[in-house]
Structures are given as structure tokens and as C-alpha cells.
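S.K.: This is what each chain is made of:
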Amino acid sequence: TQLLEQSPQFLSIQEGENLTVYCNSSSVFSSLQWYRQEPGEGPVLLVTVVTGGEVKKLKRLTFQFGDARKDSSLHITAAQPGDTGLYLCAGENYGQNFVFGPGTRLSVLP
Amino acid sequence: NAGVMQNPRHLVRRRGQEARLRCSPMKGHSHVYWYRQLPEEGLKFMVYLQKENIIDESGMPKERFSAEFPKEGPSILRIQQVVRGDSAAYFCASSQVRSDYGYTFGSGTRLTVV
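For the protein sequence lines, the chains are A and B, in the order given. First residue of the first sequence: 295, per our numbering; consecutive thereafter. First residue of the second sequence: 1007, per our numbering; consecutive thereafter.
Think of the hints as simulated: they come from the structure by calculation, not from any bench. Misleading hints may appear alongside valid ones.
To be verified - To give an idea of the chain A side of the interface with chain B (calculated C-beta under 10 Å), a few residues:
1. TYR316
2. GLN327
3. TYR329
4. GLN331
5. GLY334
6. GLY336
7. THR342
8. VAL344
9. GLY347
10. LEU380
11. PHE394
12. PRO396
Claimed, not checked - In silico SDA-like cross-links for lysine to any residue, where the CA-CA straight-line distance does not exceed 25 Å:
13. LYS350/A with TYR1107/B
14. LYS1050/B with ALA372/A
15. LYS1050/B with THR342/A
Just so you know, these numbers come straight off a predicted model, no measurement behind them. C-beta: ideal position from N, C-alpha, C; glycine also.
With the hints as extra help, turn the sequences into a complete structure.
M.R.: This is the structure in C-alpha cells:
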């Protein structure tokens, strides 16, 4: 069974600070996705990374896929209260169904 | 261009009753996936369906749970004789093809068993 671990589990920071959250596994994934989920809503896809070492930027968010395709990180620059939410990573291994991590719950205080 | 539609948003059932959760995929999407989320946890895969076929139900409990995706109409997740442990948020996602580029999720159905 493939497992994804995410750290930290909870993170509370002030507006304007930078942060990095991590997604780790002992398994190799063909692709990895990051989602953000707000209370009472479904997860919303932020990005998909497929190539080892790949870096993608989405405004203030930077996503990196590890060289060995076993881990990923999400870095947010100058966090804003609107970034508050549950950040989930999900990995797929060559046609298998997505496996989700438990998430990092981020709170950005004004 | 509506997204993935799930209804009801909230469902309360007494122990022993049946729960029926509906999911209408995005237009043009023929692949549907059901996930369950317990409080403070990530999403757990339950079942993957294409029109009229169950492709993978490895995450579905063997008893009381069933899913279908008929030729016409929404996908249905059915839970018979619900128990308190079934209380969770149930999310449906859809995709146009069997894709490894991420899913579009609905807003979920929050099932509470009292």
C-alpha cells in the first residue's frame, strides 16, 4: 500500500510570512498533485507535476517534485489570509488510483 | 459549464436507514470516482466507475456499500443500514479520460448518522 505523509500537520503563521509544506513517500509516483480544500467544499486542484525535479509556479506558490519522484514541496511566499485551507497532496502510480496524504492545515492570520 | 454536482449537500439518516448519494459529472466526463473523508483526515478512495461499469472497487467496504453509474443519469453511491461510523464527507470526482493529471471534485455530501 502506498502511503503519503505530509508535514507539518498544522501551521499557523502571520500574513506576509513565507512557508513550506512537505509531502513524502517511500513509493515512486508517476505524477503528483496538490489540492487546496476549504471548509465545507471539495478539494480544488492547484497543480500537477510529472517529471522528477520539476518546478512549477502559480503566482506566489512554488511546487517542486523530487528528483526520485517520491516527494514534493509547496512553498508559499508572502502568505495571505486567503491562502488559509487544507493542502492535500495526491500521488498516482501508473494507472492506479490517486492516494491522498492527510493534509496540512494552514491558517494565515491577518 | 457546470462542474461536478453532488446532492444532497447534507444528509441525516438514523441508524439502519439507507443513504443515497448522487453525483453528476462534468459535461463530457465519463469517468467517476468516489472518495470518503473523515474529519481531520485525507481522502480515501472508494470506487472508480465508467458508464455502466465498475472499474475498481477496491476501496469500498464489502458489505452495505454499492455504487453505480448508469447509461443515463447520475452516479449513485448507496449505503444500506447505515451505522454511526459511516458519518463522513463523501466526494465525487470526474475526468474525461483515465487521467493522471488530477481530478475535478464536487462539493461533497456530508452524511450524519444519528
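S.K.: Decide, hint by hint, whether the structure agrees.
M.R.: Verification of the supplied hints:
no.	hint	in the structure
1	TYR316	violated (15 Å)
2	GLN327	holds (4 Å)
3	TYR329	holds (8 Å)
4	GLN331	holds (8 Å)
5	GLY334	holds (8 Å)
6	GLY336	holds (4 Å)
7	THR342	holds (5 Å)
8	VAL344	holds (7 Å)
9	GLY347	violated (18 Å)
10	LEU380	holds (9 Å)
11	PHE394	holds (4 Å)
12	PRO396	holds (4 Å)
13	LYS350/A with TYR1107/B	holds (14 Å)
14	LYS1050/B with ALA372/A	violated (32 Å)
15	LYS1050/B with THR342/A	holds (19 Å)
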